[in-house]
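Trainee: Sequence:
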Amino acid sequence: MFKKVLVAEDLDSISIAVVQVLEDLNIPVIDHVKYCDEGLLKVKKALNEKEPYDLLITDLSFKTDHRKANIESGDELIEAINKVQPELKKIVFSIEDKSYRIKTLFDELGINAYVSKGRNSIQELRSALEKTFKNEERILSSDLNFSFNDKSLIEIESYDISILSLLAKGYILENISNEFKEKSITPNGTSSIEKRINKLKIYFKANNNVHLIAIAKDFGLV
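At the far end of the sequence shown sits residue 222, using the UniProt record's numbering, and the numbering has no gaps.
There's no promise every hint is true.
Stated by the list, open to error - Ranges of calculated distance between the beta carbons of each label pair, as one might list FRET restraints: (1) 171 x 3: 49 to 55 Å; (2) 51 x 169: 17 to 23 Å; (3) 184 x 131: 41 to 47 Å; (4) 158 x 25: 15 to 21 Å; (5) 48 x 143: 37 to 43 Å; (6) 86 x 182: 49 to 55 Å; (7) 131 x 169: 39 to 45 Å; (8) 142 x 214: 24 to 30 Å; (9) 51 x 172: 53 to 59 Å.
What the hints assert, rightly or not - Simulated pairs of lysine to any residue, SDA-like, Cα-Cα distance not exceeding 20 Å: (10) 98 x 61; (11) 42 x 68; (12) 63 x 96; (13) 44 x 109; (14) 45 x 31.
What the hints contain is simulated information worked out from the structure, not anything from laboratory work.
As the structure is a computational prediction, the values presented were derived from the model and not from experiment.
Just so it is clear, CB atoms sit at the ideal spot from N, CA and C, and this is done for glycine as well.
Using the sequences and the accompanying hints, generate a full structural model.
Mentor: Okay, structure coming up:
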């Protein structure tokens with residue numbers, strides 16, 4: 001089992017439960033931080049001392065307070081850690097349930113497991129820990145029922161996200177076109193953008209733009 005684990009979680013009640021799971025698995029070194037900046041510093045310090053962590057368990061959202069933060073979310077923390085210790089195994093433990101965002105964590109940030117906070121989350125976390133240690137890949141807690149092979153998740157690109165985000169803000173075709181031109185996003189013609197929107201409607205089986213935006217929000221795209 002893992003020998004040294006870092007837990008990044010700002011809620012004491014959650015961190016206590018997580019630490020208890022780790023202690024039950026007889027993990028000898030368990031460190032806990034409430035701030036992402038502190039988490040990155042601990043990872044760097046452990047590397048410098050040649051006693052690196054084996055595993056990071058982190059939430060995604062951290063509440064802001066009087067303390068200035070350079071790293072404000074679990075996503076940013078993982079991205080920063082990947083630059084200094086990319087081989088560190090990572091489990092995300094969060095209430096987030098949007099399929100696109102979770103898939104992005106696996107595809108772009110290389111997390112090993114995702115556990116959704118819920119009624120059986122502690123048991124799910126223990127299972128994820130054991131599977132991660134055995135080098136299993138793309139581990140999801142059982143209450144998450146989306147598929148990594150979902151066509152709509154595979155084919156969505158950053159260009160589509162930009163369109164959906166602007167549609168959600170009430171932008172019309174001409175506004176989106178002008179915005180893309182200002183940001184040098186291509187293609188930026190109204191015809192091209194309209195075709196892309198229609199394609200998204202087909203992917204998500206949306207009846208209209210309002211329905212499309214609602215579905216996109218359900219997926220965590222906007």
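Trainee: Does each hint fit the structure? Answer for all of them.
Mentor: Cross-check of the supplied hints:
{"no.": "1", "hint": "171 x 3: 49 to 55 Å", "result": "holds (51 Å)"}
{"no.": "2", "hint": "51 x 169: 17 to 23 Å", "result": "violated (48 Å)"}
{"no.": "3", "hint": "184 x 131: 41 to 47 Å", "result": "holds (43 Å)"}
{"no.": "4", "hint": "158 x 25: 15 to 21 Å", "result": "violated (39 Å)"}
{"no.": "5", "hint": "48 x 143: 37 to 43 Å", "result": "holds (39 Å)"}
{"no.": "6", "hint": "86 x 182: 49 to 55 Å", "result": "violated (35 Å)"}
{"no.": "7", "hint": "131 x 169: 39 to 45 Å", "result": "holds (40 Å)"}
{"no.": "8", "hint": "142 x 214: 24 to 30 Å", "result": "holds (26 Å)"}
{"no.": "9", "hint": "51 x 172: 53 to 59 Å", "result": "holds (57 Å)"}
{"no.": "10", "hint": "98 x 61", "result": "holds (14 Å)"}
{"no.": "11", "hint": "42 x 68", "result": "holds (18 Å)"}
{"no.": "12", "hint": "63 x 96", "result": "holds (15 Å)"}
{"no.": "13", "hint": "44 x 109", "result": "holds (18 Å)"}
{"no.": "14", "hint": "45 x 31", "result": "holds (13 Å)"}
Checked against the numbered hints listed earlier, the structure breaks hints 2, 4 and 6; every other hint is satisfied.
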